[in-house]
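Asks: Based on the hints, put chains B, C and D in the right spot on chain A.
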Amino acid sequence: MAAFDFAPLIVLLPFAGFLVAVGAALTRPGVLPKGGALPGIAATVGSLLLSAWVALQVLAGDRAAETVYVWSAAPAAGVPELVFSLLLDPLAALMLLVVSLVALLVHVFSLGYMNDEGETGLPRYYAGLGLFTASMLGFVVAGNLLMAFVFFELVGLCSYLLIGFWFREPGPPSAAKKAFLVTRFGDYFFLVGLVGVFATFGTAAFAGPESFPVLAEAVLAGEASARTFGFEARTWFSVLGLLILGGVLGKSAQFPLHTWLPDAMEGPTPVSALIHAATMVAAGVYLVARVYGFYALLPTVLAVIALVGGFTALFAATMCVVKREIKQVLAYSTISQYGYMMLGLGAGGYVAATFHLLTHAMFKALLFLGAGSVIIAMHHDEDMWNMGGLREKMPVTYYTFLAGSLALAGIVPFSGFWSKDEVLYEALIHGLAGSPAVLVAYAMGLLAVLFTGFYTFRMVLLTFHGDPRTETARDPHGVGWSVKAPLVVLGVLATTAGALNAVPVHEVLGFPPEYLHDWLAHDGGQSAFAALTSEHYGELLKTQAGYASAEVSSVAAGLVSLALALVGAGAAVVLYRGPDPDPHTEKLGAARTVLYNNYYQDEYQAWLAESFVRPLARVLDGVDQGVVDGGVNAVSSVSLFSGRRLRYVQTGVVSNYAALLTLGLTALVVAAALVGGWFT
Amino acid sequence: MTTRPRLRLGSHLLPALAALALFCVAAALVLTSTFGASQGFPADANVVASIGRAMFGLGGGDVPGESFLVAFIAVALLLDAALDGSLLLAKREEDGAAVALLSDGGRRLVGRSGEEDDD
Amino acid sequence: MAVPPTYYLLLSVAVFCIGVAGVLIRQNALLFLMSVELMLNAANINFVYFSQFWGNVTGQTFSLFVIAIAAAEVAVGIGIVLVLYRNFDGVDVTQATTMRW
Amino acid sequence: MILAALMAVTAAAALVTFLVPDEYAGGAAAAFSALPLVGSLLLWAGFDGRGNALVDGEVAFETVSPWLTLGGYEVSWHVGLDGVSLPLVVLTAVLTTLAIVSAWSAIDERRSQFYGLVLFMETTLIGVFVSLDFLLWFVFWEAVLVPMYLLIGVWGGPRRKYAAIKFFVYTNVASLAMFIGFVALVLAAPVQTFDLPTVAAALRNEQISALLGLSPGALRTAAFAVMFVGFAVKVPVVPFHTWLPDAHVEAPSPVSVLLAGVLLKMGTYALLRYNFTMLPETAAALAVPIAAVAVLSVLYGAMLALAQEDLKRIVAYSSVSSMGYVILGLVAYTLYGVGGATFQMVAHGLISGLMFMAVGVIYHSTHTRMVGDMSGMADRMPVTTGILVAGAFGYMGLPLMAGFAGEFFVFVGSFASTTLPFAPVFTATAMFGIVVVAGYLLLAMQRTLFGPFRLDTDYEVQEAPLRDTVPLAVLLLCIVALGVAPDLLFGMIKDAVVPILQGGGL
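Residue numbers (this note's numbering), protein chains in the order written: chain A, 5 to 684; chain B, 143 to 261; chain C, 135 to 235; chain D, 815 to 1320.
I should point out that these hints are in silico values taken from the structure, not numbers from a laboratory.
Positions of the beta carbon are idealized from the N, C-alpha and C atoms, including for glycine.
Some hints could be false.
Label pairs and their computed distance ranges (CB to CB) [as the list claims (entries may be wrong)]: (1) GLY226/A <-> GLN1021/D: 40 to 48 Å; (2) LEU1028/D <-> ALA223/B: 53 to 61 Å; (3) LEU855/D <-> ALA613/A: 27 to 35 Å; (4) GLY226/A <-> ALA1032/D: 44 to 52 Å; (5) MET815/D <-> LEU42/A: 56 to 64 Å; (6) PHE832/D <-> ALA148/C: 55 to 63 Å; (7) VAL623/A <-> TYR1273/D: 30 to 38 Å.
Here are some chain B residues pointing at chain C (derived, C-beta under 7 Å) [as the list claims (entries may be wrong)]: (8) THR145; (9) ALA185; (10) LEU220.
Only chain A is shown next, with the shape it has when bound in the complex (with noise of 0.2 Å):
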């Protein structure tokens, strides 16, 4: 268990790196060489390392879910108490490589992409980084959902501080508030479901005969009992497992709540590419994987999940083709690539949804590092129709960058194609075997491949091939090693990755192995750990969820898809290749403007909350200065009012005082004498 014992140490690096920044910004500038970035990349170095052992750990057999804190203690029994708790198991350790991994690697970015360019506030910047890979790190190994709440709410806040780290122009802090808040909405209904966890199960624990997970189960088998409030287990559940589900919208930017993810791209591309297309918008798909067993039993909501993602896959992707900065499409696709995930998730493909998660941290880190890349070319200017040609002068760039783009449109062999196809698939199989909400939602998502195809092409081919459409792009900046280095790692994960889990070769050469599947599958030997494996789940979708498969053919599916991503791909090419393209999304006329505007989501949203929720806090703020605090001052005003008027008794006239006097005593002797009968 050597290397479990070290687990700590992989958040805990990470976040000394933050403190030694936080206090290289409290002292003099200058303080630290490189601005910070140096503990950080050590720090992160560490955690890959250590991150590493642990898999090698948990490949051996090992797993862990041990109490490393307890918050709050427990006084009194049948109190529940609340921990921070370690999971070690396989889906842990490989969302623990590629965070621990992206991280490093955007670090090292970050020195060509900040300190070259001559940025100020370096410190804050790298305590940022260090911080959120600290609180990510963390969120990836919680045992329970209070610890997957704290480090969800942290890593929120990382994104806040990383999306206004340029706090002095107007936009960024408007899109870190923005992003923070949307957010924080969905983050209420997980509280919500948190909190209800607690109250029904009286614990949040992940893993474990006393998880709530396996509780649920055995409540449902009629086996345990749990509080539901007055409704059906099954129900209440199914209440619960949407409420966690809002979270996840947020963070997962999941229609309706994706609006914040493409405005955070104000922030540095480095951070777009860790926090908003590799790590922190995994957290939502990553935390329903990690209570999968949960969701599972719970179809109602797990035909909610495909439904949503497969909309949001689909729906993100239309307006990806109009976008005219390629941060924009990026972030586009982003969305549209999580809710590929969620479509797998929901469609009873667990380890599909885990792979794409896997081989979209690569490939979408990939892009954006690739983005930062030209952006530094370019001289920060992120219009592709100002680029153009950049091809020659970048090469490095350009071939990783085509890597990530096959990659992500799920051209064959890369990495994309297998997760994507292996998501379709799933949804496939199982929506044709009597799950219509699933099947609408492969539709949707196949149509998507269209898009993802056509947006992916017309990005690289603005961007790299055709004439230098300006002078900055005919001369371009150069960019260092330090830049060069990760799109080169990342570039070989994002084509080879794929080779994981490559069903459809599986299936027809019984070769190589599904490595994925076998990772995901086995408890180690350790039965604590059953209810956390895809066989465990698998099950539960057979017997609770009503999931059967239909029998298709992974290689039929797999060109079904593979034909639509070359058909959008190749439409690209016929548009937009040659020396001059032109902009042929603007013959598309008002539906063209309609995608431009993001279907006016962000207007809605906007409206809500400043033409709604603002003049109602007004006319609330009016009401209480009016009604409430009016009713305060008119009791007072009524002593003042009859003091004023009481006032003029006292006439100030010494006459009157003694003729009240006298009348007084007279009055008073007269009383007591007919009370005490002294004239009888």
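Replies: Using the frame of chain A, we list chains B, C and D on its own:
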């Protein structure tokens, strides 16, 4: 101009009704009350000497009485204070010298009443 | 045959009420002082009579104190009248209403 | 005796401070206030109480000596600490010291009187939290108003007289109502004393007699209602909250710190001690309306904060909102609910103190608190901005800060409540406050702290001196420490709350 008192009748006399009412009530009380027999002083008693002894707390007077020495001293001080106080009140604020009443010969009083006539 | 107590008391009440009436009717501060003297002396009548009634000199001694205090009161009262005259140009007590309201 | 000594030392410090010349008053007051601070920390270290002081607990540092007898009713000097009151005493001492340090910049006239009054108020506040006899407690409870009235009325802003009188009269009338309610209960109960543990035992376990034509049940309900209203003004609960924004806006920042940080807690502390400890059945019977006003306070306060343009009013209304959670936790009547409410008192005391202090620092530099008058302050005051942002996130309930711990405990407790009907609905509705609070704080921060630098007043803005930022940093550290390790205080709070609940619930 010579003046003599005149009885002015009018509504300003109305407050006196209160005094009258008080008198009526008090008189009714007195008249309905019964008193015991008066004890009186002993025939040969030296009342004034007894008062003096009581006032200085010497005791031993012909007529019994209490000791009033402390009250006597207190009243003495009070008189003293009243005298000083009246002097202080009577002083003019500007020069600090005690001045007589109507030091301006009553001109201001006359002038003021003249103004009132104009109203 | 001694004079019955009722007579003394009626006299005292009458004197007191005349004093009260003076305070109520007149507006001249000096007449106020005189009326107050009447009231104090109404009390003195009672003191003196009841001293005799109980065969005890305390009442008589007290009436001496009352006279002394009346002197003090007049001294201060006249001082106030003086200030009243200075500030309000007259000794009419109904004029001095600056402190009301 | 040690508590009497603590209060005597504080009162003596107040007296001496009155006599110190103005130019040394700040330093002297800070040095003096370190005495009760160290004292309270020593009390914390030496705390050996168990259970609840009112319910058969072992009271720490207890002293009882007879004082006087009123119509056959014993009044005694009875002081002591348990797990509920000790955190509040520590909070008082910490906030007073920090408020005094933060006043070095903010107060520049009549300093010795100012600091003297602050120390005097600390004495009375400690008295409120340690007293275990009703009349003794009431003396301190009322005495708190006097220095606060003067601090607002003398050192306040342009409408200070209005605010001070409103504060004083409003809370004083409320105290009267509460006093009548409690005395009626004592008269009806089979006791001959104002000693709180005795009265509590009688009210919890024994029948009371009819009084003033009210049957025992009706008397309990009426007394509960009157006392609830009396304390609700202090908390404050909507609709009795309107004195708070006025008082905060007019009060100088260090006074706002104490007003929001400690004075509001008197109301919830008293609610816990009196209403919810002594009349649990009545509280359960009235749970729905109380929960309704709690939820109303949370959402209404938050919405009003959204409409404000004055930074201090924003924080003031958000205090109303945050205190609503405390009421919700109390009425839930579960371990996490009541304990969380108590923890939230401390957490909110620290966080709102930090926010008011930070707003005061900005005001001292800019001479305006209007959101519309400035932008981009982060450019000129990075350290202050950083702490303010951290504090704001604490206010929003960011995990691993004290606010989250308090709110989360309350939510867990109230969601699972068996006392409160429809507990999940009330809880979920109240929880929406965490979204609105994020909305108005983020909006205010975006407008004032970020963006291009602009200031509409003619002042040179630069980073605040260390003496202004150090208190902020200390508070922030306390907030984070309590957020990471809530059991530092929550342990003893839970221990003191369990007996109240008579073995019930989560």
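Asks: When the hints from earlier in the document are held up against this structure, which numbers fail?
Replies: Failing hints, ascending: 3, 8, 9.
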